[in-house]
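Peer 1: In case you want the letters, here they are:
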Amino acid sequence: MHSPTFSMSSTPLEPEVLKKELLDSHAGALATFEGWVRNHNEGQPVDQLEYSSYPQLAEKEGQRIVAEALERFEIDAAIAQHRVGLLPIGGIAVWVGVSAAHRGAAFDACRYIIEEIKSRVPIWKKEYYSTGVTDWVNCHQET
Amino acid sequence: MHSPTFSMSSTPLEPEVLKKELLDSHAGALATFEGWVRNHNEGQPVDQLEYSSYPQLAEKEGQRIVAEALERFEIDAAIAQHRVGLLPIGGIAVWVGVSAAHRGAAFDACRYIIEEIKSRVPIWKKEYYSTGVTDWVNCHQET
Amino acid sequence: MQLTITYFALLRDQRGLDTETIDSPAATPAELYTQLAEQHSFTLPSSALKVAVNDDFAHWTTPLKDGDTIVFIPPVAGG
Amino acid sequence: MQLTITYFALLRDQRGLDTETIDSPAATPAELYTQLAEQHSFTLPSSALKVAVNDDFAHWTTPLKDGDTIVFIPPVAGG
Chain A
1 MHSPTFSMSS TPLEPEVLKK ELLDSHAGAL ATFEGWVRNH NEGQPVDQLE YSSYPQLAEK
61 EGQRIVAEAL ERFEIDAAIA QHRVGLLPIG GIAVWVGVSA AHRGAAFDAC RYIIEEIKSR
121 VPIWKKEYYS TGVTDWVNCH QET
Chain P
144 MHSPTFSMSS TPLEPEVLKK ELLDSHAGAL ATFEGWVRNH NEGQPVDQLE YSSYPQLAEK
204 EGQRIVAEAL ERFEIDAAIA QHRVGLLPIG GIAVWVGVSA AHRGAAFDAC RYIIEEIKSR
264 VPIWKKEYYS TGVTDWVNCH QET
Chain F
287 MQLTITYFAL LRDQRGLDTE TIDSPAATPA ELYTQLAEQH SFTLPSSALK VAVNDDFAHW
347 TTPLKDGDTI VFIPPVAGG
Chain X
366 MQLTITYFAL LRDQRGLDTE TIDSPAATPA ELYTQLAEQH SFTLPSSALK VAVNDDFAHW
426 TTPLKDGDTI VFIPPVAGG
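Chains as they are written, first to last, in our numbering: chain A, 1 to 143; chain P, 144 to 286; chain F, 287 to 365; chain X, 366 to 444.
Check the hints yourself; a few may be wrong.
[Claimed, not checked] Derived DSSO-like pairs (lysine-lysine); straight-line CA-CA distance at most 30 Å:
1. P:LYS261 with P:LYS162
2. A:LYS60 with X:LYS415
3. A:LYS118 with P:LYS269
4. A:LYS118 with P:LYS163
5. P:LYS261 with A:LYS19
6. A:LYS118 with X:LYS415
7. P:LYS261 with F:LYS336
8. A:LYS19 with P:LYS163
9. A:LYS60 with X:LYS430
10. A:LYS60 with A:LYS118
11. A:LYS19 with P:LYS269
12. P:LYS163 with A:LYS20
13. A:LYS126 with P:LYS163
14. P:LYS163 with F:LYS336
Derived by calculation from the structure, the hints in this document are not laboratory data.
Chain A with its partners taken away, still in its complex shape (with noise of 0.2 Å):
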């Protein structure tokens, strides 16, 4: 078993590179996922997409997230990595990898890290439109 990793980058993300650290002779099946950035949210065309973090608390519970999964799944190893700084459209913001004896583990593993992420981990999306305005991504204001 490998240790837990998660980690944030301020560079394009490398599936290629992250996939190899998951190679392992045991492992028959991987399951990877990739978060994009679209084009368009709720509408609105975007142009490009910021993320930013709060990087001390981030990479804990991302990978307190990992090791939850490496505990509740009979998985081999597991990598996610998300990106910060600003993103143009189809950039990947987020790699999440599981490699495991058996599909159904590698995807349940995969899918349970990618929504944790998503709900626990202080990251923070902002959106440029094509109409020159920015938001916050779930931060709207009531005014």
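Based on these hints, arrange chains P, F and X on the given structure of chain A.
Peer 2: Below, chains P, F and X alone, put in the same frame as chain A:
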């Protein structure tokens, strides 16, 4: 929506190339599955593995599966490719990738495709054990 | 009736060839498999197999026609 | 009591700075946020936030100590 794509390949699979075909500025989520040749099966050390197929029917049935996934799930595109021939330990036997606006559909469709491939597509696996013995997986004889 | 049978995987090993065209009175794939299994000592029961006629899945009771190509499909193991 | 507050995302924009150290009588993060929200017209209700003290998640009622670093965490949106 892209056309359903399933193919057999007698040369090593290239996930990065397949993934590029799914890249679409609309999509926000990519779920992938890779099956690798394991170094053991049911406790027996495996040296290498040979996949063979009934090509005419395998491609037809695989394409039906991908078409079903495109119909059942809210996804943008799906690609699946299965290797035939002699594979070393760690070689990629199968690759499935699904892109979608939302991650739930991407995961569900990816899992659907790999499950259906495994149960319906006429592909056979011959294992070469370290003992020199070979065996057609799932064809155990009573004698 | 002329029927072509193509063999894959374990059945190919047990038959010792890839494909053959035979003259058979078998009216259905079920009858044909019974005949071949007896002749060549195939170990897989028909309940473990699927059948394809002319490169698509078919029923065991589908009537066979002269010139049909039949494949008996051993348990699959892709992925 | 000296408390350091670090701001992220929308709260950073609304406060107009990254971090500040203030002298506050607030005994808990809940009291501190009420004070700051009033002072700086923060729009997010505390019910939408989580709170961290010294770089780990904490309760709104955790007693604050001199020198603590507090972060109010706006709704996250990773992935």
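Peer 1: Confirm or reject each hint.
Peer 2: Okay, the hints, checked on the actual structure:
Proposed proximity of LYS261 of chain P and LYS162 of chain P is supported: the alpha carbons are some 21 Å apart, at most 30 Å. The hinted pair formed by LYS60 of chain A and LYS415 of chain X meets the criterion: a straight-line CA distance of about 16 Å does not exceed 30 Å. A threshold of 30 Å between alpha carbons decides the hint, and for LYS118 of chain A with LYS269 of chain P the separation of about 42 Å lies outside it, so the pair is violated. About 25 Å separates the Cα atoms of LYS118 of chain A and LYS163 of chain P, which keeps this hinted pair within 30 Å; it holds.
Taken as a hint, the LYS261 of chain P and LYS19 of chain A pair is honoured in the structure, with Cα atoms around 23 Å apart against an allowance of 30 Å. With a C-alpha separation of about 14 Å, the suggested pair LYS118 of chain A and LYS415 of chain X falls inside the 30 Å cut-off, and the hint holds. Distance hint between LYS261 of chain P and LYS336 of chain F is fulfilled; the C-alpha atoms sit about 14 Å from each other, no more than 30 Å. A C-alpha spacing of about 16 Å is found between LYS19 of chain A and LYS163 of chain P, which places the hinted pair at or below 30 Å, so the restraint holds.
Distance check on the hinted pair: LYS60 of chain A and LYS430 of chain X sit about 23 Å apart at the alpha-carbon level, within 30 Å; holds. Restraint check: the Cα-Cα separation between LYS60 of chain A and LYS118 of chain A comes to about 14 Å, which is no more than 30 Å; the hinted pair holds. Distance hint between LYS19 of chain A and LYS269 of chain P is fulfilled; the C-alpha atoms sit about 27 Å from each other, no more than 30 Å. The straight-line distance between the Cα atoms of LYS163 of chain P and LYS20 of chain A is roughly 19 Å, inside the 30 Å bound, and the hint therefore holds.
Using a Cα cut-off of 30 Å, the hinted pair LYS126 of chain A and LYS163 of chain P holds, with the two alpha carbons roughly 26 Å apart. For the hint linking LYS163 of chain P to LYS336 of chain F, the alpha-carbon distance of about 36 Å lies beyond 30 Å, and the restraint is violated.
This entry does not satisfy hints 3 and 14, going by the numbered hints stated previously.
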